[in-house]
Amino acid sequence: MLAVHFPTAVTTEIQKPGASDEDRRLAAACAAGESGAFEAIYRTFGERMKSIALHHLGNVADAEDAVQEAFLKVHRAASTYSGEAAFSTWVYRILVNTCYDVLRRRKRRREEALNEEEGVVFEWKADTVDDAKRLTLRKLLADLPEQKRTVFTLFEIEGMSHAEIASILGISEGNSKWILFATKKQLKERWNTNQ
Amino acid sequence: MKNDHIDDLLLEGDEASMRAAGEHAAGCAECAATLAAWNEISGTARSLRATWQSDMLWPRIERALREERRGRSRPQFWQIAAAIALTISLGAGVWRVVHVRSEEAAFDRAILRRSALDQAEQAEKAHLQAINELEKLAEPKLEEPESPLMGSYKEKLALLDDAIADCETNIARNRQNAHLRRQLLAMYSEKQKTLQDVLREDSNVGKQ
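These protein sequence lines map, in sequence, to chains A and B. Here the first sequence is numbered in the numbering used here, starting from 1 and rising by one per residue. Here the second sequence is numbered in the numbering used here, starting from 1 and rising by one per residue.
I should point out that these hints are in silico values taken from the structure, not numbers from a laboratory. The structure presented is a predicted model; accordingly, all values stated were derived computationally and were not measured. Be a bit skeptical, because a hint or two may be false.
What the hints assert, rightly or not - Keeping only pairs whose Cα atoms sit at most 25 Å apart, straight-line, the calculated SDA-like set for lysine to any residue is:
| id | chain 1 | residue 1 | chain 2 | residue 2 |
| --- | --- | --- | --- | --- |
| 1 | A | 139 | B | 66 |
| 2 | A | 188 | B | 54 |
| 3 | A | 73 | B | 24 |
| 4 | A | 139 | A | 62 |
| 5 | A | 139 | B | 50 |
| 6 | A | 185 | B | 54 |
| 7 | A | 185 | B | 12 |
| 8 | A | 188 | B | 26 |
| 9 | A | 73 | B | 42 |
| 10 | A | 188 | B | 66 |
| 11 | A | 148 | B | 40 |
| 12 | A | 73 | A | 61 |
| 13 | A | 185 | B | 66 |
| 14 | A | 188 | B | 42 |
| 15 | A | 188 | B | 22 |
| 16 | A | 185 | B | 29 |
| 17 | A | 73 | B | 65 |
| 18 | A | 185 | B | 20 |
Stated by the list, open to error - Chain A side only, calculated, beta carbon under 10 Å to chain B, not exhaustive:
| id | residue |
| --- | --- |
| 19 | 81 |
| 20 | 97 |
| 21 | 144 |
| 22 | 185 |
The C-beta atom is built at its ideal place from N, Cα and C for all residues, glycine as well.
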């Protein structure tokens, strides 16, 4: 069994990929309620937003509702976008927080933390691992605490950098690395027993 | 290399660290198993990225955004209710002020009317008193008219008295009728003038 220890070189500062002129223009257009701006965001980030929401909420219907809710929140808050982070980072932060809200509402309603896809079929990308492994991992992810699940989803599934994740979650990059490491160790412990 | 060293490499997770971990695992069965599980989880995770067709999602979002914009521009129910309540309160306040003022004005008008009436009645009384004085002076001449002219004056005064009596009866029914009061005043003046003519005629007759 591997010993858990604190990382030797943890980066404590939060890296915030700054906003570009395009980000500011997009935010201004959203604040002005321009439909074209929202459509551009959907075309650019929509697929990833849906995927992130799905891995937090576990079913397509809730994931799509969360994406829609996130767009409404972007519309309401676009005028407050400060430009400290990239606009996409800001949008993902809103989406992740929306997913947390949904999970908390679920918890209050004493529902299952995560359900199966409720009969909605979606197409998994072609890969080298079999469906049994994917199912195992999804079950293990469902049992993780919110933040661990988010860091794992954003890094391992969505391929984001620790700098981006740190900015989305408002944590340091080193903390993001540490959370991922701890999560993977936890998953590894259960991985073999669930196969 | 100890296990905590491979942990350091896995924690860093960058390309160089993972290559170093791989090199170490080649000669360490325990670390090899750890690294294999580590990579298997990462590989499985990469295949979990989900894509699915959702043709209706964007139209749904667009509609929700449109409704949100419309909702922002349209006053909310509570705003309408508050506006109605405010309007009613203001209306009631304005009505109250106007009502109180009109009551005060009506009260003032009534006071003025009563005051004017009192003044008119006092003037009538003084006029009547003066006429009564003249009537007393003219009475002996009119009792036994010595000329046809004096007889005519007597008849005229009798007619004026009847008309004055009728007019006073009507005024008693409506004290504030200014028209009747003007008629009464005209008749009193006519009576006064007639009595003065009687007295003047008497003195003329005396001179003749």
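Checked hints:
1. A threshold of 25 Å between alpha carbons decides the hint, and for residue 139 of chain A with residue 66 of chain B the separation of about 38 Å lies outside it, so the pair is violated.
2. The straight-line distance between the Cα atoms of residue 188 of chain A and residue 54 of chain B is roughly 34 Å, outside the 25 Å bound, and the hint therefore fails.
3. Among the hinted pairs, residue 73 of chain A with residue 24 of chain B is inconsistent with the structure: their alpha-carbon atoms are about 48 Å apart, more than 25 Å.
4. Taking the CA atoms of residue 139 of chain A and residue 62 of chain A, the gap is about 17 Å. The hint holds against a cut of 25 Å.
5. Restraint check: the Cα-Cα separation between residue 139 of chain A and residue 50 of chain B comes to about 15 Å, which is no more than 25 Å; the hinted pair holds.
6. For a cut-off of 25 Å, the pair hint linking residue 185 of chain A to residue 54 of chain B is broken: about 35 Å separates their Cα positions.
7. About 14 Å separates the Cα atoms of residue 185 of chain A and residue 12 of chain B, which keeps this hinted pair within 25 Å; it holds.
8. Using a Cα cut-off of 25 Å, the hinted pair residue 188 of chain A and residue 26 of chain B holds, with the two alpha carbons roughly 19 Å apart.
9. With a C-alpha separation of about 32 Å, the suggested pairing of residue 73 of chain A with residue 42 of chain B is violated against the 25 Å cut-off.
10. Taking the CA atoms of residue 188 of chain A and residue 66 of chain B, the gap is near 47 Å; set against the 25 Å cutoff, the hint is violated.
11. Under the criterion of a C-alpha separation no larger than 25 Å, the hint pairing residue 148 of chain A with residue 40 of chain B is consistent with the structure, at around 18 Å.
12. Pair hint residue 73 of chain A plus residue 61 of chain A holds up; C-alpha atoms about 18 Å apart against a cutoff of 25 Å.
13. At roughly 46 Å between alpha-carbon atoms, residue 185 of chain A and residue 66 of chain B are farther apart than 25 Å, so this suggested pair is violated.
14. For the hint pairing residue 188 of chain A with residue 42 of chain B, the CA-to-CA distance comes to about 10 Å; that is within 25 Å, so the pair holds.
15. A C-alpha spacing of about 17 Å is found between residue 188 of chain A and residue 22 of chain B, which places the hinted pair at or below 25 Å, so the restraint holds.
16. For the suggested pair residue 185 of chain A and residue 29 of chain B, the alpha carbons sit about 17 Å apart, so the restraint of at most 25 Å is met.
17. Among the hinted pairs, residue 73 of chain A with residue 65 of chain B is consistent with the structure: their alpha-carbon atoms are about 10 Å apart, no more than 25 Å.
18. Between residue 185 of chain A and residue 20 of chain B, the direct Cα distance comes to roughly 19 Å. Compliance with the 25 Å bound is thereby established for this hinted pair.
19. Proximity of residue 81 of chain A to chain B is violated relative to the hint, the smallest CB-CB distance being about 16 Å (cut-off 10 Å).
20. Nearest Cβ of chain B to the Cβ of residue 97 of chain A: about 18 Å, over the 10 Å cut. The hint is violated.
21. With 10 Å as the threshold, the beta carbon of residue 144 of chain A stays out of range of chain B, its nearest partner Cβ sitting at about 12 Å, so the hint is violated.
22. Annotation: residue 185 of chain A was flagged as interfacial toward chain B, and the flag holds, the nearest CB pair being 8 Å apart, inside 10 Å.
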